[in-house]
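2 protein chains.
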Amino acid sequence: MATLPASLKQIALFLERLPGIGEKTANRLAMYLLRMPEVELQAFGEAVRELKKRTKLCKQCLNLTEDELCSICMDNRKDISTITVVETVLDLLSFETGNIYNGLYHVLHGKIDPLNSVGPDEIYINHLLTRVKGLTSSLKEIILATNPDMEGEATAMYIKKQLERLKEEDGGLKFKITRLAYGLPMGANLEYADYGTLGKAIEGRRDY
Amino acid sequence: MATLPASLKQIALFLERLPGIGEKTANRLAMYLLRMPEVELQAFGEAVRELKKRTKLCKQCLNLTEDELCSICMDNRKDISTITVVETVLDLLSFETGNIYNGLYHVLHGKIDPLNSVGPDEIYINHLLTRVKGLTSSLKEIILATNPDMEGEATAMYIKKQLERLKEEDGGLKFKITRLAYGLPMGANLEYADYGTLGKAIEGRRDY
Numbered sequence: 001m002a003t004l005p006a007s008l009k010q011i012a013l014f015l016e017r018l019p020g021i022g023e024k025t026a027n028r029l030a031m032y033l034l035r036m037p038e039v040e041l042q043a044f045g046e047a048v049r050e051l052k053k054r055t056k057l058c059k060q061c062l063n064l065t066e067d068e069l070c071s072i073c074m075d076n077r078k079d080i081s082t083i084t085v086v087e088t089v090l091d092l093l094s095f096e097t098g099n100i101y102n103g104l105y106h107v108l109h110g111k112i113d114p115l116n117s118v119g120p121d122e123i124y125i126n127h128l129l130t131r132v133k134g135l136t137s138s139l140k141e142i143i144l145a146t147n148p149d150m151e152g153e154a155t156a157m158y159i160k161k162q163l164e165r166l167k168e169e170d171g172g173l174k175f176k177i178t179r180l181a182y183g184l185p186m187g188a189n190l191e192y193a194d195y196g197t198l199g200k201a202i203e204g205r206r207d208y
Numbered sequence: 001m002a003t004l005p006a007s008l009k010q011i012a013l014f015l016e017r018l019p020g021i022g023e024k025t026a027n028r029l030a031m032y033l034l035r036m037p038e039v040e041l042q043a044f045g046e047a048v049r050e051l052k053k054r055t056k057l058c059k060q061c062l063n064l065t066e067d068e069l070c071s072i073c074m075d076n077r078k079d080i081s082t083i084t085v086v087e088t089v090l091d092l093l094s095f096e097t098g099n100i101y102n103g104l105y106h107v108l109h110g111k112i113d114p115l116n117s118v119g120p121d122e123i124y125i126n127h128l129l130t131r132v133k134g135l136t137s138s139l140k141e142i143i144l145a146t147n148p149d150m151e152g153e154a155t156a157m158y159i160k161k162q163l164e165r166l167k168e169e170d171g172g173l174k175f176k177i178t179r180l181a182y183g184l185p186m187g188a189n190l191e192y193a194d195y196g197t198l199g200k201a202i203e204g205r206r207d208y
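Listed in order, the protein sequences are those of chains F and X. Mind the numbering: the first sequence is residues 1 to 208 in the working numbering, read in order. Mind the numbering: the second sequence is residues 1 to 208 in the working numbering, read in order.
Derived by calculation from the structure, the hints in this document are not laboratory data. Here the structure is a predicted model, which is why all the values come from computation and not from measurement. By construction, the Cβ of each residue, glycine as well, lies at the ideal position given by its N, Cα and C atoms. Each hint should be verified, as a subset may be incorrect.
[As the list claims (entries may be wrong)] Covered stretches of chain F, going by a simulated chain X footprint (3 or more residues, C-beta under 8 Å):
| hint | region |
| --- | --- |
| 1 | 3–16 |
| 2 | 42–53 |
| 3 | 63–72 |
| 4 | 87–98 |
[To be verified] Derived lysine to any residue pairs resembling SDA-like cross-links, with alpha carbons at most 20 Å apart:
| hint | chain 1 | residue 1 | chain 2 | residue 2 |
| --- | --- | --- | --- | --- |
| 5 | F | K9 | X | K56 |
| 6 | F | K56 | X | E169 |
| 7 | X | K140 | X | G171 |
Working from the sequences, and respecting the hints, build out all of it.
This is the structure:
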């Protein structure tokens, strides 16, 4: 069986390892790359090689950055009295892209997931606790924005307990701990909503 | 609005230009790359940069190769009496992967598509004619395997006319010209088949 030439196959095999890309798609993408301008391939190849060297975690919130602090932590228009705790940088980007939140973040880079051997010490929870300890009256609220699935819930619950312990130890800390609202997504159809979501929508109903 | 750091964003923007990859997927892939081992990123980046330099077209069949002739043309177990004409290298790979054909190929690298200003001279039809002229009694069959869509049909039709003209000019050329069969795909359900396919299945029915 003949295949692509080695150099193209190497690229296809690499692309195939990325999430959501199968063999056929990988081959198609590799062929597409072959038709791109040489100068762009050079730039992309270089960027991939430099990626790990240039990118690091923000010292404060663990967002990705090329400097000591990320663009959000350095932005003095941000409301520093609120910290939203998210699982991944992509979750942070969702909030930022939507332009619906103006506070700071803390990226956990994972969630507590015992089935995959990820405990509280494997993600950046201690870093959050240390960060919060250093803030006294300036911090007013921590929003737990982990995903509404089993592991995300467990992670939120664990962090909540740790934060409450911190508040007990230090009377100076007076922040609220909140969790994202559950309910029907906008534009949803009641007929097709799952029972878990409907239950949460009833449970969290509001005066109107 | 905060975004990914520049080096990561550069990679995401590049990936976003590939077919079938949107902004969210591009970001997710870029993040995934960041977690891959450094040595693999180095190898991939290098491969991308070298891609165009190393890859060229086979002198005989225009398949992709790193040498003068591709692995198929150099394989002396292949049946050199048959040439299958395909639009793209990926089509060729489908035949090869399926292990259903043992002859040679000719890759057109496109199809006649007047709406996109692709005429017969923009794809490798003349190259095919020159190749065929050089073969006398050795060539027994040319299978036209362009896609069964409007442009593919027009391309097959055009090539057929050119090949017949060639046979008229040179009595030594005695190859058959065939076209892939049309009909119901294996595992299909009659209920969901389109009328075009059903019509072809009736038209091409066989004794049983």
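Here is what the structure says about each hint:
{"no.": "1", "hint": "3–16", "in the structure": "holds (count 9)"}
{"no.": "2", "hint": "42–53", "in the structure": "holds (count 11)"}
{"no.": "3", "hint": "63–72", "in the structure": "holds (count 7)"}
{"no.": "4", "hint": "87–98", "in the structure": "holds (count 7)"}
{"no.": "5", "hint": "F/K9 to X/K56", "in the structure": "14 Å, holds"}
{"no.": "6", "hint": "F/K56 to X/E169", "in the structure": "69 Å, violated"}
{"no.": "7", "hint": "X/K140 to X/G171", "in the structure": "14 Å, holds"}
In the structure shown, a violation is registered for the earlier hint numbered 6 alone.
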